[in-house]
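Chains as they are written, first to last, in our numbering: chain V, 12 to 306; chain L, 255 to 691; chain X, 127 to 475.
One thing to keep in mind: the hints can contain errors.
Taking lysine to aspartate or glutamate and the DMTMM-like style, the derived pairs with C-alpha atoms no more than 25 Å apart in a straight line are [what the hints assert, rightly or not]: (1) X/249 with V/300; (2) X/249 with X/332; (3) X/251 with V/300; (4) L/536 with V/230; (5) V/293 with X/376; (6) L/332 with V/127; (7) V/293 with X/332; (8) L/443 with V/185; (9) V/142 with L/467; (10) X/251 with V/184; (11) L/574 with V/127.
FYI, nobody ran anything at the bench for these hints, they're computed from the structure.
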Amino acid sequence: MAEFLQYSITGVTVGMIYALIGLSFALIWKSSGVANLALGGLVLIFSWIFYAMLVQVGLPLWLSLIVVLILALAFGWLIERFCLRPLIAQPILSLITVTLGLEFFLEGLAVFIWPEMVAGLPPLFPIEPLKIGPAVVSQAYVWAAVISLILFGILTLYFRYHKMGIAMRATADDQLAVQACGIPVTSIFSTSWMLACVVSAIAGILISSISGLTHGLVETGLKAFSVVILGGLDSFIGCIVAGPIIGLAENLGSGWLTPIVGWGGLKDVIPFIIIIVVLFIKPYGLFGEVRIERI
Amino acid sequence: MKSRKLLTLAGVIFLALALAVMPLMAACGPAPEEPTTPTTPTTPAVKGPLKYGMSICMTGVAAEKGSPMGHGKLDAIKYINEELGGINGHPIEAIWYDNSYDAAKAATIVKKMMSDGALFFTTNSSKMMMASQEIANRAGFPGIASFSSPICTNPPQHIYAQMPDYGDDFAAFANYYLANIWKGEGKPKLALHLLNNPTGSGSGDAALCLADELGIEIVATEEHTATTISEMESMTRIKAANPDVLFIGSTPAPSAVVIKNAYELGLYPGVVIGCAHASFTKAMVAIAGADIVEGVYGVFPTCSWGEDVPGMAKMTEYCKAYHPKDYGNMDYITSWAEALVGAEILRLAVENCGYDKLAAGDAAAWECVEKNGIQKLDYDVEGLHGPVKYTAGDNRLDKSVRVFQVVSGEITAVSGWIDAPRIPYENFPDKFPWAVK
Amino acid sequence: MGLPCGTYNYSYAKDMAILRTKTHWALFIALLILVFTAPLYCDNYLLGVANLMGITLIAAVGLNILLGYCGQLSIGHAGFIAVGAYTAAVLTGTFELPFLVGLICAGLMAGLVGLFFGIPSLKVKGFYLGIATIAAQFIIIWFINHLSITGGFTGIAVPYASIGGFVFDTEASQFYLIMTIAVLCVFFAKNLARTRIGRAFVAIRDNDLAAEVMGINLFYYKLLAFFIGCFLAGIAGSLLAHWIGFMNAEQFSISESILYIGMVIIGGMGSALGPILGVIFIRLLQQGMMFIAPMLESAFPALPAGFASGIAPMLFGVVIVLFLVLEPRGLSHRWMLFKASYRLWPFSY
């Protein structure tokens, strides 16, 4: 029982971190239908900027956070303006490949500016773990989970009530109709990239406060988004539900199966088996929008 | 269309700037303080060059290690050529390429080095050596891996290991643990937490191979990825197995996560934690937090910065002059030492076979370098790591490591050089089919 | 359009011919001669690069059939290559079967695994399918790492390829082997696209509902595309295993898979020429990057520490971005435009 509780709590909190990265991915997909392969690079670069502000420049925590968020907005604008906008109306796969080029560029940029390539952030949260019954959970994970819930709430409200948010949903639905209504589609895209950069910056900071700043952040980003697809590419609620589901599955599944099958590392494969099964049953993810196709 | 033109312009400007800025950066970068007056008047090296092949992970996923390592050996070669006048007057010519930690590139690089006429080649990492080793073994082209996996040197062919491999880390730590830390009765219970690649499995294989011989009981073996963000569930299982000692064979970031989770679960302090050398660096202490990793043991095969050994002064001088950012990086030492070993190999080869034979850079030259250079090594590496000496049937050149411990946030040596005996993998052909050919 | 002025087709055979005029034939034969005499004037390194390109090309042709013709996104191609590579390694290394048996089995094995992971394609489309194939990649690599027959994490050594008594132990002989297979694969792909199967693929790519209504069996053709695409990946994997000589699962990373997609898109999807140009472009760019760091470090010894390590991936990224912005339809499209303008020169209309 104690183990069950431990696995569940770990699973849910870790899953929320995945969900955070997934949110950033869904933001762009939702408005423009572009799969952002540069997500890992963005997570990496913003973590390093935060490190630079906090440790190298020595700014206080709140100020470095603000600087990172402002830079994230700027990055998002620049990326959209100079990499994606020239390709509007081109085949969608070309747009996706552009983000691949961007990924290489960002990785190189990170090495270029921070050649040490590996560093640790000072602990942002108290290191003493929280005790929940017989289980323990680190405060860093709890805070990460809380922050991603808050972000999820803000984004949902934004998309439901804010004018821009509503316009973004409309763009995702039908670009042509939106243009006919006089909504500037380009500024919608650039807003969605800016928001996505902010979310990935926050995700990057939280992850690197747990497992340090390494090149591995790129792969964490890549893995997390494929995991969160389970919820549906265009759904926030999907991300926020799928994250913990995957987290629970990998922790509970590997916690119980490992002693039985005797193979290590089950945690790293269970999420992917689930993805294949779920996609087979629900091809658009758990909460994804089912498209009705016409010939 | 207009925006496309704008973008093209921006791109072209970037490329032009990148090219234009290079000399500028060179000028404004850390001023290359020329190393203080050479101590000995040197004879300018005017004779033909000796070609030293290097496949370096300068970019890509492993650049965190590859880049300081590249700097270390290139600086060392600069030192040898400028201050020592090369090898008996022959300058060393470093033929090096960036493999980006990409196996296919590594395979083309080893071919490039063979056709460039390099006399032998080195790689930083075991993965790059594994991608190159079959090509080199088939051609008889000797190679040395700085960090290596048991499979690089077992069964012994033309590939050598500069230092003990990941398996030897475990053997050395286990010996130290049994002799100095273990006070209980019966067999100590060991848990392993291994990275899911040859770095981790190297330690795991050694543990499997040696457990009975040493009298250790393996109670849990877990594995993790390099990008893990939580190992709570595997640590929960390890905790349930109630081990006395936990050995982590991994790299800095995941090791830090494992130790942090052990701390949160109340497993540490309590068990003894030992780390293999790939993870036991300042970065691990920084990521996990100095308070948490206090008292963790680890093995490392080289000396530390600032230690009083003969080679330290020159290395520090060159590092501070050319790559000040790498000062304090342990990989720089490894690699500087590698270049010293390489120079010694070339010296032996030149003295034993003569330059003309080596200048050809063909199979005969390679054989000469291997037989009269590498296999005749007996060199103290100026104290930078254990002495290198070839013994028949064991392709590891340096066979000793030291045990370190994190003491008030600093990695401090707690033992002298411990010999890591060769692990007889070939005695277990069913478990390790690669060790017998 | 694709023919020089004054060339008219009077028979179906002529209409269907790939090489229509004498100039075509002459250029084609000249190109083949140029390719197959390369060992005479290239050193081992250049041949090595050519071999790598040949192997990559076979896999990219497979991906092009899957993605370019049939429109099924696969982001797990490196995983299928790994299946082929390991099958060949185990069969020829551990069981000492002949190279050709290993080669065919590698293709079949990869094809079967591809079939299995292609099943979701019946219901899943677009990027969702991409994610399913990413999952395939992770699952495949995980199994390779945990089976004992594949050597686990440690990896497995692979002997030289040999046919009959002849061992392909020099770079030049491997070049002939790899290039022959690569040329055959390109020829196969080019012709496949002109058969009923190829046309069915294109119909599925353009609109699978319409294709189904027209009587194309989606189940059969989608899975066939996966089988052929992965079969070629398996063949490439087998050659890669014999060429490198040592397999480790880390060589087949997810970024490698993504790079394959990049190659096909940059080259131009859905054409026979596309993968060739894409593979040459990306592999040459990568080889170029290999020299950049050494050149910079030796030319400017006082560069800041991260300069050489950072500039190569940055340039790689910028070149890809620039390329797509300038030529979003791929290199083969540009090549078509070039051919057309060359034919019409000096009158541009």
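Right, here's what the structure says about each hint:
1. For the proposed pair residue 249 of chain X and residue 300 of chain V, the alpha carbon gap of about 14 Å is at most 25 Å, so the pair holds.
2. A hinted pair counts as satisfied when its Cα atoms are at most 25 Å apart, and residue 249 of chain X with residue 332 of chain X qualifies at roughly 16 Å.
3. Simply put, residue 251 of chain X and residue 300 of chain V have alpha-carbon atoms about 13 Å apart, close enough for the 25 Å limit, and the pair holds.
4. This hinted pair checks out: residue 536 of chain L and residue 230 of chain V have alpha carbons roughly 23 Å apart, not beyond 25 Å.
5. Of the pairs offered as hints, the one joining residue 293 of chain V and residue 376 of chain X is violated, with about 32 Å between alpha carbons and a cut-off of 25 Å exceeded.
6. About 22 Å separates the Cα atoms of residue 332 of chain L and residue 127 of chain V, which keeps this hinted pair within 25 Å; it holds.
7. Distance restraint check for residue 293 of chain V and residue 332 of chain X: the Cα-Cα separation of roughly 23 Å lies within the 25 Å cut-off, and the hinted pair is therefore satisfied.
8. Distance check on the hinted pair: residue 443 of chain L and residue 185 of chain V sit about 63 Å apart at the alpha-carbon level, beyond 25 Å; violated.
9. For the hint pairing residue 142 of chain V with residue 467 of chain L, the CA-to-CA distance comes to about 41 Å; that exceeds 25 Å, so the pair is violated.
10. This hinted pair checks out: residue 251 of chain X and residue 184 of chain V have alpha carbons roughly 18 Å apart, not beyond 25 Å.
11. Of the supplied pair hints, the one linking residue 574 of chain L and residue 127 of chain V holds, its CA atoms being roughly 15 Å apart against a limit of 25 Å.
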